[in-house]
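Here the protein sequences line up with chains A and B, keeping their order.
Counted the way the working numbering counts, the first sequence spans residues 40 to 211.
Counted the way the working numbering counts, the second sequence spans residues 7 to 363.
Don't read these hints as lab results, they were simulated from the structure.
Only a predicted model underlies this, so the values are computations on that prediction, with no experimental measurement involved.
Each hint should be verified, as a subset may be incorrect.
[Stated by the list, open to error] Subject to a maximum C-alpha distance of 25 Å in a straight line, what follows is the list of computed BS3-like cross-link-like pairs (lysine-lysine):
#1 B/Lys86 / B/Lys76
#2 B/Lys341 / B/Lys363
#3 A/Lys170 / A/Lys128
#4 B/Lys363 / A/Lys65
#5 B/Lys44 / A/Lys203
#6 B/Lys44 / B/Lys86
#7 A/Lys150 / A/Lys65
#8 A/Lys203 / B/Lys342
#9 A/Lys65 / B/Lys86
#10 B/Lys363 / A/Lys204
#11 A/Lys204 / B/Lys86
#12 B/Lys341 / A/Lys170
#13 B/Lys44 / B/Lys20
[What the hints assert, rightly or not] Chain B regions said to be covered by chain A (calculated; three or more residues, Cβ under 8 Å):
#14 121–131
#15 263–269
Every residue gets a Cβ at the ideal spot worked out from N, C-alpha and C, and that includes glycine.
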Amino acid sequence: MSILEILFWFLTALALFGALMVVFSKNPVHSVLWLISVFFSISGHYILLNAQFLAIVNMIVYAGAIMVLFLFVIMLMNMNTESEPQKSKWLRIAASLSGGSLMLVLVAALKDTSGKVTGVFKVEGNIGLIKNLGQVLFTDYVLPFEISSVLFLSAMVGAVLLGKKETNSIIS
Amino acid sequence: MTILQIDFFYFLEKLLLIGGVITFSLVIAMYTTYAERKVAAVLQDRLGPNRAGPFGLLQPLADGLKLFFKEEIIPLTSNKLLFVIGPALAMITAMLTSAVIPWGSTVNMFGRNVSLQIADVNIGILYVFGVVSLGVYGIMIGGWSSNNKFSLIAAVRGASQIISYELAMGLSLIALLMMTGSLSLKTIVEQQMSGGWGGFLGWNVLYQPLGFLIFLICVFAECNRTPFDLPEAENELNFGYHQEYSSMKLGFYLFAEYINMFISSAIVSTLFFGGYDIPFVNETTLAHTLGGNVVALLGVAALLAKIVFFLFFFMWVRWTIPRFRYDQLMDLGWKKLIPLALANMLITAIVILWLNK
Chain A
40 MSILEILFWF LTALALFGAL MVVFSKNPVH SVLWLISVFF SISGHYILLN AQFLAIVNMI
100 VYAGAIMVLF LFVIMLMNMN TESEPQKSKW LRIAASLSGG SLMLVLVAAL KDTSGKVTGV
160 FKVEGNIGLI KNLGQVLFTD YVLPFEISSV LFLSAMVGAV LLGKKETNSI IS
Chain B
7 MTILQIDFFY FLEKLLLIGG VITFSLVIAM YTTYAERKVA AVLQDRLGPN RAGPFGLLQP
67 LADGLKLFFK EEIIPLTSNK LLFVIGPALA MITAMLTSAV IPWGSTVNMF GRNVSLQIAD
127 VNIGILYVFG VVSLGVYGIM IGGWSSNNKF SLIAAVRGAS QIISYELAMG LSLIALLMMT
187 GSLSLKTIVE QQMSGGWGGF LGWNVLYQPL GFLIFLICVF AECNRTPFDL PEAENELNFG
247 YHQEYSSMKL GFYLFAEYIN MFISSAIVST LFFGGYDIPF VNETTLAHTL GGNVVALLGV
307 AALLAKIVFF LFFFMWVRWT IPRFRYDQLM DLGWKKLIPL ALANMLITAI VILWLNK
């Protein structure tokens, strides 16, 4: 086993274990912290694929910003296992049905892939480096890129509008 | 010697370098606490610590021992595991940034060229931002796991301050990155060294004075230093997110702040003040007369001198300027620094386009 393979399997085990712990933790704060560990191991995978920019942006955006907001909300709501309402029986049955059918679809989709995957440990590509990524984004994909940035801008404006106090409508 | 396709000498070299940098940061941070008291004493016309050892030089050791021997209290209703992880996270994130800072050029030892930088990654600055954004977790976890309303409110206060100032910090650096065209800290330092007057005219602070000012203000906010030390405003609000902590866990939180100060000073010196560049001296001609190793060590000393100046600046500001109110802090961050940084970015872009035409 080369050092690359060892790192790959270690990160994979870490990611899967973290993802399982997100689901099985009783405490929602623990779930969020496990999710952060999943993001870390995914970033490690990006680095193995020589996509350092993606790795670090994944960490800044997901682990550094979005998960902090999750933590904010969960910590301030002060969720406890006692105060959590019990789910009804029908909801559980529906959940297991939909989960089982998702598993069937996944099995059907993945059963033919065993021969098709060749270079898992391929690291020669350097499309993930910041220079190449920028060039591709601003030449080939410039229109979708700009449209998505307008989408973000509108979401931002909407958030500011929602957060603003309505001064006259409540009084009148 | 290669087993498992690893160059073990390289591994050992990096391991020694990491150990050296961490020990060094810890010792510097230890003596920063001493220096802070001495500077405070000078500014307030007092003597400062002068009992433990000559000139009170053993005072940091005495303080450390005191913290270790104090009773350690973990509140009964706290989340025990996270209560312990909190201060550890604060320390780890404080130390992690030192990995990408170029402490000096290369030293020739035993026939090997040893670079005085732990990792020269091509996304150096983004790595710094990644670690800074993770620094919030130490505060949030510590504040929440104490199971105390005041700790939680202080943690939210601190976390929102850090997130707000990260934005202005990133925007102020984009203008700098437009000039350098590289994210690697080593490349940025080498570009500055190639300027006129032995490198002095290449320093980025001469071309990005506004960017430097915004970055410096944001660094103060990120390190929770006065005038932005609202997360731990002990005499107005309450002690802050580490209110329930005692003994060395409290010490870790306070110590992490000093390490953050040291590392931020190093980053400011690297980005804007030429890093390990010795001003008014051409390093390559000096290397012919004195030898490469001596010049490399002189470069480390130059970087250290810059860092010490900024550490002094941190203390100077702390004992001169009063604390901001919280709404003033948010106002400054969102309504003043971010538009200013955007304007700086626009002006830089226009000037670069105009010069390249």
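Query - Proposed proximity, B/Lys86 with A/Lys204 (alpha carbon, max 25 Å) - result: Violated: A/Lys204 and B/Lys86 sit about 40 Å apart, past 25 Å.
Requested in this report: Measure nothing beyond the straight line between the CA atoms of A/Lys170 and A/Lys128; if it is 25 Å or shorter, mark the hint as holding.
Outcome: Violated. A/Lys170 to A/Lys128 sits at ~54 Å, over the 25 Å cutoff.
Query raised in the report: Is the Cα-Cα distance between A/Lys65 and B/Lys86 25 Å or less?
Result: Since the Cα atoms of A/Lys65 and B/Lys86 sit roughly 15 Å apart, the hinted pair holds (cutoff 25 Å).
Query raised in the report: Within a Cα-Cα threshold of 25 Å, do B/Lys341 and A/Lys170 meet the stated pairing?
Result: violated (32 Å)
Query raised in the report: Is B/Lys341 within 25 Å of B/Lys363, Cα to Cα?
Result: violated (34 Å)
Query raised in the report: Within a Cα-Cα threshold of 25 Å, do A/Lys150 and A/Lys65 meet the stated pairing?
Result: violated (34 Å)
Report task. Given that the stretch 121–131 of chain B was listed as covered by chain A, double-check it with a C-beta distance under 8 Å for 3 or more residues. Result -> With 3 residues in contact (Cβ-Cβ under 8 Å with chain A), the coverage given for the stretch 121–131 of chain B holds.
Requested in this report: Mind checking the alpha carbons of B/Lys363 and A/Lys65 for me, to see if they're no more than 25 Å apart?
Outcome: violated (62 Å)
Query raised in the report: Is it true that the CA of B/Lys86 sits at most 25 Å from the CA of B/Lys76?
Result: holds (19 Å)
**Report entry** Hint consistency between B/Lys44 and B/Lys20 [alpha-carbon to alpha-carbon, up to 25 Å]
**Finding:** violated (36 Å)
Query raised in the report: When you check the alpha-carbon spacing of B/Lys44 and A/Lys203, does it fall within 25 Å?
Result: violated (47 Å)
Report task. For the pair we were handed, B/Lys363 and A/Lys204, check the Cα-Cα distance against 25 Å. Result -> violated (48 Å)
Violation of the numbered hints given earlier is confined to hints 2, 3, 4, 5, 6, 7, 10, 11, 12, 13 and 15; the remaining hints are satisfied by the structure.
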